[in-house]
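Enquirer: Chains as they are written, first to last, in my numbering: chain H, 429 to 902; chain P, 529 to 875.
Cut-off 16 Å, straight-line C-alpha distance, at most; resulting in silico cross-link-like pairs (EDC-like, lysine to aspartate or glutamate):
hint: 1; chain 1: P; residue 1: 756; chain 2: H; residue 2: 740
hint: 2; chain 1: H; residue 1: 639; chain 2: H; residue 2: 448
hint: 3; chain 1: H; residue 1: 541; chain 2: H; residue 2: 524
hint: 4; chain 1: H; residue 1: 493; chain 2: H; residue 2: 504
hint: 5; chain 1: H; residue 1: 481; chain 2: H; residue 2: 447
hint: 6; chain 1: P; residue 1: 756; chain 2: H; residue 2: 756
hint: 7; chain 1: H; residue 1: 889; chain 2: H; residue 2: 862
hint: 8; chain 1: H; residue 1: 801; chain 2: H; residue 2: 756
hint: 9; chain 1: H; residue 1: 481; chain 2: P; residue 2: 866
hint: 10; chain 1: H; residue 1: 894; chain 2: H; residue 2: 860
hint: 11; chain 1: P; residue 1: 758; chain 2: H; residue 2: 740
hint: 12; chain 1: H; residue 1: 885; chain 2: H; residue 2: 866
hint: 13; chain 1: H; residue 1: 500; chain 2: H; residue 2: 582
hint: 14; chain 1: P; residue 1: 756; chain 2: H; residue 2: 719
hint: 15; chain 1: H; residue 1: 788; chain 2: H; residue 2: 842
hint: 16; chain 1: H; residue 1: 818; chain 2: H; residue 2: 789
hint: 17; chain 1: H; residue 1: 691; chain 2: H; residue 2: 877
hint: 18; chain 1: H; residue 1: 843; chain 2: H; residue 2: 789
hint: 19; chain 1: H; residue 1: 890; chain 2: H; residue 2: 860
hint: 20; chain 1: P; residue 1: 756; chain 2: H; residue 2: 748
hint: 21; chain 1: P; residue 1: 863; chain 2: H; residue 2: 483
hint: 22; chain 1: P; residue 1: 758; chain 2: H; residue 2: 741
hint: 23; chain 1: P; residue 1: 756; chain 2: H; residue 2: 751
hint: 24; chain 1: P; residue 1: 756; chain 2: H; residue 2: 741
hint: 25; chain 1: H; residue 1: 606; chain 2: H; residue 2: 554
hint: 26; chain 1: H; residue 1: 818; chain 2: H; residue 2: 740
hint: 27; chain 1: H; residue 1: 430; chain 2: H; residue 2: 490
hint: 28; chain 1: H; residue 1: 801; chain 2: H; residue 2: 748
hint: 29; chain 1: H; residue 1: 481; chain 2: H; residue 2: 448
hint: 30; chain 1: H; residue 1: 606; chain 2: H; residue 2: 552
What follows is a list of derived Cβ distance ranges for each label pair:
hint: 31; chain 1: H; residue 1: 776; chain 2: P; residue 2: 863; range: 25 to 35 Å
hint: 32; chain 1: P; residue 1: 667; chain 2: H; residue 2: 739; range: 32 to 42 Å
hint: 33; chain 1: H; residue 1: 775; chain 2: P; residue 2: 862; range: 32 to 42 Å
hint: 34; chain 1: H; residue 1: 583; chain 2: P; residue 2: 862; range: 25 to 35 Å
hint: 35; chain 1: P; residue 1: 763; chain 2: H; residue 2: 773; range: 17 to 27 Å
hint: 36; chain 1: P; residue 1: 726; chain 2: H; residue 2: 776; range: 19 to 29 Å
hint: 37; chain 1: H; residue 1: 775; chain 2: P; residue 2: 726; range: 15 to 25 Å
hint: 38; chain 1: P; residue 1: 862; chain 2: H; residue 2: 719; range: 34 to 44 Å
No lab work stands behind these hints: they were computed from the structure. Note that beta-carbon positions come from the ideal geometry of N, C-alpha and C, so glycine has one too.
Here are the chains, one letter per residue:
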Amino acid sequence: MKIEINNIFKAFDEVIANDDVSLEINSGKIHALLGENGAGKSTLVKIISGHQKPDSGNIIIDGKKLRLGSTKSSIENGIGILSQDPLDFQNLTVSESFLVGSKKFGPSLNKRKIANELNKIFAEYEIKVNPQIRIKSLSIGERQQVELVRLLFENSKIIILDEPTNGFSLNQRNLVFKVLKKLNKKGYVIILVSHKLDEVFDLCNEATILKNGTKVKTVPIPFDRKKIIKLMFQEDISKIQNHSRKTIPPKNQFISIDLSKWKLGTTEIPQGSKVGVIGLQGSGCNQFIRDCFNKTVNISLGNGNNSIIPPEDFHYTPSDRLERGLFEDLTIKEHLALTYGDVKVIKWSNIEKRANSLIKEFEIKGESNSYAKQLSGGNQQKLQLALIPKTPGFLLLEQPTRGLDVKSTSSVWEKIIERSSRDFGILFSTTDIDEAWERSDWIICFSGEKITSVSNKSMIKKDQIKFLISGVKD
Amino acid sequence: MNSIKKLPLGTFFIKVILTLLVASIIMVLLGTSPIEVIRSIFDGAFGRPEKIVKTMLIFLPISLASLALIITFSGGLWNIGIEGQIVLGAIGATWVAKSFFGETLVSPIIQVIVGMSFGALWGLLCGYLKVKFNVHEIFGGLGLDFVATGAIIYLILGPWSRSGIASTSGTDIFPKESWFPTISSLNIPALSIIIVSIIILILILFLSYSRFGLMLRATGINPSSTNKYKFNSNHYIYLAFILGGAIAGLAGVFQASVFYHKLVPSISGGYGFLGILVVLASNRRILPTLLLTFFFSAMIAGGSQLQLRLDLHSSLISILLSSMVFFWLIFNSSKVNDLLHRIIKRN
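Model the full structure from these sequences, guided by the hints.
Expert: In structure tokens form, the structure reads like this:
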């Protein structure tokens, strides 16, 4: 098996997404496609899958030219995509989802035969999912596993994983990687699109780095990590990673978080603390942040005498930025007009000035007239932060760096930290132990819906966290 | 300030030409000369001053219906109930005209107030069903359309029937005082023109310069984000239906008191549905909507000439109008747009 991608060029209006990209991938090697957000990875994947038609260039699979811009032709040529968010039918059962669009079982629906076959293939790949269960009751990780098996089942020989591990637990990730390594030995071509270097180093044998739509280099793996980061960002990353971690001076004031819902009484933490709420994907950590925003969980100021923080001082940013945080068809400027002031009549010239200064301050790549949907994930997140008034408040950030690359992540945190000394406090959720450890003063651990630990960071060890969130007693 | 991206002018004209081309082909297929048809439509719409006035009388209610729909579309709502809202406005106007106000000079103003309130209530009912009972506005609106149609026929044949006979040809003619004031012997509908102009102006300001308008549009794009911005999307759904219903109601008032001077069963003239086509075809922007409405009104006004002059059935006009909108929507689709872009770039 061999896939050759030759001189792919694709532009959207003025933006060049892929500029003369060529690469060759043979079976037997797991290939990584690396690059920061907006480097052109997704476009290239969409071209391979037939969802986009390139302006020029071609793709050759085992010497045969692929008809471009046709998903049907891509599927027929054995290309299978495991996308970022599982594309499945939530209301069907697992076995029904295998039937949809499959010609394997013929016209009759012999449920027992299908279930048998599925159990066999699930066992082969060590997947513990009951085929009779509805897809919506599975976790995202399980859904991705099922989807992967379905691709194999449909005779995909070239499997492209587009940042598939966002919702994976550690265990699921290892399981899926094991499957992929197995497939690789069998002669499948496997391409992993990712910006998580750990993953790439775990799984892949070679990596192609894209930057601004062009191919920078293909390198073997293992390879020098620093050099890869340098190639991805073309600038010295040490500046980004070696930020000094300042501990905030203890203040006399406390904020109290009412955890009686979890039978934990009220926790008092110093004002201005950053509280990391960590749990696996699907645990209660995101809901906790939302509960704090809609006042199911009470947060107040002061010790004992509990002065209330006015509701308008709570600022919440959801993790699915376009779905619940922003309005895709409104511009940056219009978002600002929505947020600021109680004026009835909008003075667009003032808003414009304000928008431009915020765009500069938050380093948002966009203009005051850019629509939210035109911004990349990192810039959408920065826009969410920019929209929060500068006055002291209480920030509730749901997975603020979800899906962001190293560079965007660090610049988002820079902005959060900048204001944190002024704020009453910051609660953020994350599924990443490193992030929780590095960015917080206090850590709340969620295992499922349960809180397993609330403590100052000095009171726990980093290694304990993974046990606390998986519910395993060490 | 609008949420739809502006297209380069070049592609716009190409699409207009393509649409006209399709219309011409249809005319040729129907065995008539496009040029003759266009000329007689033009004559019928603008040939004499009184014909221009007639075109105006058609333009006013359709433009109001379209403006009402721009509001509800901004809130992300499919206001299929607009026909019913127009009917309710007309019922309101008739009620005033038949009351003792009907023979006083304040009648038109009271008609406007009552008609707009009736339309607003009918719209609000649809919004209430949506918010409180989760009835999709398409179903709610459609249901309320049927109720309104039933009500108007009941009123015309029952309580408001013509003295002596009950006939579906409508109620008695309104007293002269209830007709909207006009100027000159041509009966130019001055008051109506003023009212529509004011509404257009208010709407432009509302949608582009007020926070309420912006919040309404935000609600339309993504209601689940609104709670983060500390406003309640349901309030804006109500607001959209009240404003849209009121303006649609005004269209009904115009139909009853400016056009027919009585209540007839088909008082809405299908203008609500026509408005949906107009607004969709012009991407919910106010000025293009008005231009297209004007074009449609001219076609409708001029279409009545076709039968007399070219011996073509006047229904040809609705065939032309609907197929032009249909093809316009096709030419406006993203795929065709991309294609046009590429062709233009290459040349």
